[in-house]
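There are 2 protein chains.
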Amino acid sequence: MSRRLFPQPLDLANGRVDMSHGAGGRAMAQLVSELFAAAFENDYLAQGNDAAMMSPPPGRLVMSTDGYVISPLFFPGGDIGSLAVHGTVNDIAMAGARPLWLSAGFIIEEGFPLADLARIVEFMAGACKACGVPLVTGDTKVVERGKGDGLFITTTGVGVVPEGLHIAGDAIRPGDAVLVSGTLGDHGIAVLSKRENLDFDTDIVSDSAPLHDLVAAMVAAVPEIHTLRDPTRGGVAATLNELANQSGVGLILQEAALPIRPAVRGACEMLGIDPLGVANEGKLLAFCPAERAERLLAVMRAHPLGRDSAIIGRAVEDDRRLVQMETEFGGARVVEWLNGEQLPRIC
Amino acid sequence: MSRRLFPQPLDLANGRVDMSHGAGGRAMAQLVSELFAAAFENDYLAQGNDAAMMSPPPGRLVMSTDGYVISPLFFPGGDIGSLAVHGTVNDIAMAGARPLWLSAGFIIEEGFPLADLARIVEFMAGACKACGVPLVTGDTKVVERGKGDGLFITTTGVGVVPEGLHIAGDAIRPGDAVLVSGTLGDHGIAVLSKRENLDFDTDIVSDSAPLHDLVAAMVAAVPEIHTLRDPTRGGVAATLNELANQSGVGLILQEAALPIRPAVRGACEMLGIDPLGVANEGKLLAFCPAERAERLLAVMRAHPLGRDSAIIGRAVEDDRRLVQMETEFGGARVVEWLNGEQLPRIC
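Line by line, the protein sequences give chains P and S. Just so you know, my numbering puts 205 at position 216 of the first sequence, and the rest follows in order with no gaps. Just so you know, my numbering puts 173 at position 184 of the second sequence, and the rest follows in order with no gaps.
Hints should not be assumed to be uniformly reliable.
[To be verified] Within a straight-line C-alpha distance of at most 27 Å, the following computed DSSO-like cross-link-like pairs (lysine-lysine) qualify:
(1) S:Lys183 with S:Lys136
(2) S:Lys136 with P:Lys183
(3) P:Lys136 with S:Lys136
(4) P:Lys136 with S:Lys118
(5) P:Lys136 with P:Lys183
[Said to hold, decoys possible] Okay, the calculated bits of chain S under chain P, using three or more residues with CB under 8 Å as the criterion:
(6) 143 to 155
(7) 251 to 259
(8) 276 to 289
The set of hints was computed from the structure by calculation and includes no laboratory data. Built from N, CA and C at the ideal position, the CB exists for glycine as well.
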């Protein structure tokens, strides 16, 4: 798009998004050209068509999509833009896949400051670069003031699965070990503390991070991994219940083995919520045959994003498909699958 | 997901979406299982993972995404659900590609009637079936009352480009003929009439339709096609200005050749808007060498979605990259690239 079309550059310092920025005309072209295309610059976007064209590597492909409606848009340890990259990269990685391409759809509320949009786009473009995954195509819509909430982003990712891998939610077998890649609940508590202006003693920051590189190391060392999943919305409790049902097994956790930061544990106690129900955005659960668990743990701990990894439980035969927790005092309780409305808009 | 998890089925007649339906717990699982998975049923969704896995055919892939924020959600000739399928299928088809897979992200406002959601999902699933394109993965988020506007949908499509085709926005050459596949402005005027409760003399309905089958016939007969694009937001005026800039050519239209329904022309006159600035959702513009134009026109007219096709102009050398219209009285005027804020939320 030739610059002479837009006599005045966008006012990124003081300007605001208006309805014309989503209406398909000259103003939208300027926003796309001066803000989005400039930040995400790559050969695919430079094609300038409504669809980007790519040559895929050989192998099976995976595709995943997620909408991001997190409130607030900026939170300790992250922002909606980098989260929208990490979250979708992680969903691709949970198939054992290498992420190849991302797309993004922006739904912006009229009046949203261009300066905030520019910051978010910069963070998002930085996350794409850090992940090595180009944003190949995108879309912008604007809704009237009061019909949105600042900014929603929907990202979609496509990735390729290495030969020989068969990682899926229905593949957990009785006897499998359950591993987690680090501390639980950091993201949800960080977002909640910012949203509600809570003043916890220590600084809790989101764990938002891309896990594809950790996964690549894991599957290279232990291709026998049965299942991977990131415990986002609904936390570990929802994810484990979902997987127990999908695989038709029971799951038993050791309470003492769960890595939870004292600050997060304290915040959860204060708020009266279970850390197992709190969202994570840079952690994964892994299931593998018990005899491979120590090797997998060692590989995970050797990675910067898996330093606090732990073996936290095992899969068992159980027609009721219950998730249970063995407490430190020798008892056991069922880990409920909550409705989760206590923590809305956490991603 | 086993049904026994949800003792009460969703109340699709009188229920409403609440925050728990987006929170990652049991309520969300029920909504996904009983509404989305039931309607879109296919082998990919049945995999039940956050990412769907597919084996692509050989060839280059294209990827495109669009957010749909149309208001109202139901309009003459369509609804947001089928539109979200057609629009993205069409963006894929404009690369000459065959659409393979779709994903969808739903952002729902708290309190939205489940009955409306179910209707929209049914229309959307019907459109997927009619297009032969499965929805392989999806996501649901819920925002508080007053932070959205009923329903927004973002769809992403992946398609495969047949060997030997090189269709792109920068490929128009001076001398090319410009064709359109039918009447202009129907979608925008249909949506506007419903939204503003305008009572036009005749019933104008949206042209929302999937164009991939028409495109397949076109590229089979005339593989020399240089460029295809669907004139959606901003209408023909915005699309032609965009393409003129991308290809570095001028474009000259013949006013008398433009197919516009009298009812649409009348409505535009009444509203004081130019039909060339009004959105279409089932029309395409095609550019091909002049000597192949008659053949292409015949193929387009032979297809049910191209019956009213016409040759409407030509590309010329023009460093200014202007789009001009030759009027019926022998004059010429520049077709402006409007900001387009006169028709917000048209898709």
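Cross-check of the supplied hints:
For a cut-off of 27 Å, the pair hint linking Lys183 (chain S) to Lys136 (chain S) stands: about 23 Å separates their Cα positions. With a C-alpha separation of about 19 Å, the suggested pairing of Lys136 (chain S) with Lys183 (chain P) holds against the 27 Å cut-off. A C-alpha spacing of about 6 Å is found between Lys136 (chain P) and Lys136 (chain S), which places the hinted pair at or below 27 Å, so the restraint holds. A C-alpha spacing of about 31 Å is found between Lys136 (chain P) and Lys118 (chain S), which places the hinted pair above 27 Å, so the restraint is violated.
For the hint linking Lys136 (chain P) to Lys183 (chain P), the alpha-carbon distance of about 23 Å falls within 27 Å, and the restraint holds. Residues of the stretch 143 to 155 of chain S lying with their CB closer than 8 Å to a CB of chain P number 6, which satisfies the three-residue condition for coverage. Under the rule that three or more residues need a Cβ within less than 8 Å of chain P, the assignment of the stretch 251 to 259 of chain S is violated, with 0 such residues. Interface restraint, the stretch 276 to 289 of chain S with chain P: violated (0 residues with C-beta to C-beta distance below 8 Å; minimum three).
Violated hints, listed in ascending order, are 4, 7 and 8; each of the other numbered hints is respected by the structure.
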